[in-house]
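Q: The lines below spell out each chain.
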Amino acid sequence: MAYLETKGLEVSFDGFKAVDGLDFSVNQGELRCLIGANGAGKSTTLDIISGKTRQSAGSILLDGVDITDKHEHHRARAGIGRKFQVPSIFSELTVRENLQLAYSKQTSIRHNIFSWPGSAGRERIEEVVELTGLRDRLDTQASFLSHGETQWLEISMLIIQDSKIILMDEPTAGMTIGETQKTAAIFNSLKGHHTLVVVEHDMTFVREIAEIITVLHQGKLLAEGTVGEIEINPRVQEAYLGSGGISHA
Amino acid sequence: MMNSKSLRTLIGYTIFSAAVLLLPLLIDDAYTLNKFSRYLILGLATLGLSLAWGYTGILNLGHAAFFGLGAYCMAMYLKLQTVPVHTGTGGLPDFMVWNNVEQLPWFWEPFHWSYLAITAGIGIPVLLAVMLGWFVFRARIAGVFVAIITLAMLVIINLLLIDQQRYTGGFNGITDLAWLTIGGIEFDPYSKTFYYLSAGSLVVCLLGTGIFTHTKAGLILQAIRNDPDRVRFLGYDVSAYQILAFALSAGIAGLAGMLYAMVLEFASPTFVGVSLSLSMVIWCAVGGRGSLLAATLGAILVNAAQGSLSENFLETWQLILGGFFVLIVLFLPKGLISIGELIRWRRKRTDRVQVQVLSSTKRARGIS
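Taken in order, these protein sequences are the chains called A and B. For what it's worth, the numbering used here labels the leading residue of the first sequence as 1, then goes sequentially. For what it's worth, the numbering used here labels the leading residue of the second sequence as 250, then goes sequentially.
Excised from the complex, chain A in its bound form (with noise of 0.2 angstroms):
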């Protein structure tokens, strides 16, 4: 049974239909790469799963439950994590507060209150540094991180919040050749303890990473197989016409 599920999701700014009518699944513990051209409504369609821009019509189910009409905040309490194609983190923040953040198993302000931040998680913050390699800037301002270890950083916090689902766009953004190696033992290895979706562009990482591919055009579905299949599908290649083909989206 599908993991997660939209069902006709529909939204449009100003008349311009960004996604149209979208019928998406991914099974639990798959690693998803969503592509498509510019346009193609793969940030909106994380939008939407995510809560952040709200469907004109359709539906979203998660695990079976239907989430619609759920806040950002309760969805990410469902189990729905995002990093954001502009990296989002604390920027006024030490490394460790912003992973102290991220630890959000109790979200309420009563527990909250009467807890210290590094009271829990302690553990889990530790093995997530030495995966992202962030343990010596653990007491660095956010802000004076380099790009990619901002990158780092947010990936590290969304490994910590343990969503069951991750929504990642663009993770490798700015990334040299080498980080972008490393991202990719990463998610190989969060494989099948979380559900990955992620939006990219990088063909070369994408090819590393994903079992099924989902390609969007135009907002909607245009085709969905592993990779071989995709790469010498007919209307990929039309769509990506004029853009130089898929491999160098």
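Please keep in mind that the hints were generated in silico from the structure rather than gathered at the bench. Among these hints, one or two may not hold up.
Said to hold, decoys possible - Okay, the calculated bits of chain A under chain B, using three or more residues with CB under 8 angstroms as the criterion:
(1) 3-16
(2) 82-91
(3) 95-104
As the list claims (entries may be wrong) - Simulated restraints on C-beta separations:
(4) G178/A <-> A268/B: 51 to 59 angstroms
(5) S12/A <-> G589/B: 50 to 58 angstroms
(6) V578/B <-> I212/A: 32 to 40 angstroms
(7) W594/B <-> F16/A: 42 to 50 angstroms
(8) V578/B <-> K191/A: 37 to 45 angstroms
(9) R389/B <-> N38/A: 48 to 56 angstroms
(10) I390/B <-> S146/A: 32 to 40 angstroms
(11) S12/A <-> G419/B: 50 to 58 angstroms
Glycine included, each C-beta is placed from N, C-alpha and C at the ideal position.
The hints should help you fit chain B onto chain A, whose structure is shown.
A: This is chain B only, laid out in the frame that chain A set:
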């Protein structure tokens, strides 16, 4: 586990608390003591503001509304304690007699009891903050719009107090108050007892809010100031935390207002005035809104400076103070607390300039 930042904060709090509590050993003059009590009380009100503005990013231009409501609650109680000197024969406040009010209005009745009055002085501002916050923050109103709404609230309350002269004393407010007496202790505003009441309230609130800001909830508030959307995607209910900060801030303002009515021995619509409210924002900014202690110190310093400048430069003191504010906004946007940062930065820059000069001379000589 304590990092250097927390340690510095702790040392700052300790020195400040000790200084405030030991001050009466140096001062014997009742007038000066009363003046310092007043500064500390205004510092307390500003502490509340910095919790909402500096920590959570809620720019509240109507902070004096919470302050003034606290002051009026205390004034109503203390007025009823003056029976029969400043009240009519039926225990009716003098201004009501002049306005032909024949019976004490129902909402004045609870103010016969000190504990009810004190509860109201904190509870009413908190309740108002929760109600306003519920509408504002749940609708995700932020930034300058919060400033406009809180300012509007302030003006409405101010106008109501002036307009309802029969019940509130109008422009004059509630004057000729008794001294608060609790458990046989009399709080004469010119006494050390009263000074310790103000200083104790300030120290307790400062330590309490200091601890609060170091909890997980306090960290969430700072995160909300930084990026509320990110906080939502982590699963926290942002509006609930904003309401909490706003209500705490209002409660502290209410307490400060009650003390203020006691120290000045009256309450008037100026306590709920736009001018006082904006002044609090300025004090907060002058000290440093990012730190509770800095904001409190800012209020105390500006008021002390205002006091001594107005005594020494009768004509030009406002000009001097205004110039001082402009300088701070231009060169110390984080407030006086950041003066150390500025010095460190200047020193680093001088070093860099020297390195640059050195390397350019080398280049000129063709060494490089």
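Q: Against this structure, judge whether each hint is valid.
A: Here is how each hint holds up against the structure:
| no. | hint | verdict |
| --- | --- | --- |
| 1 | 3-16 | violated (count 0) |
| 2 | 82-91 | holds (count 5) |
| 3 | 95-104 | holds (count 5) |
| 4 | G178/A <-> A268/B: 51 to 59 angstroms | holds (54 angstroms) |
| 5 | S12/A <-> G589/B: 50 to 58 angstroms | holds (53 angstroms) |
| 6 | V578/B <-> I212/A: 32 to 40 angstroms | violated (56 angstroms) |
| 7 | W594/B <-> F16/A: 42 to 50 angstroms | holds (47 angstroms) |
| 8 | V578/B <-> K191/A: 37 to 45 angstroms | violated (53 angstroms) |
| 9 | R389/B <-> N38/A: 48 to 56 angstroms | violated (29 angstroms) |
| 10 | I390/B <-> S146/A: 32 to 40 angstroms | holds (35 angstroms) |
| 11 | S12/A <-> G419/B: 50 to 58 angstroms | holds (56 angstroms) |
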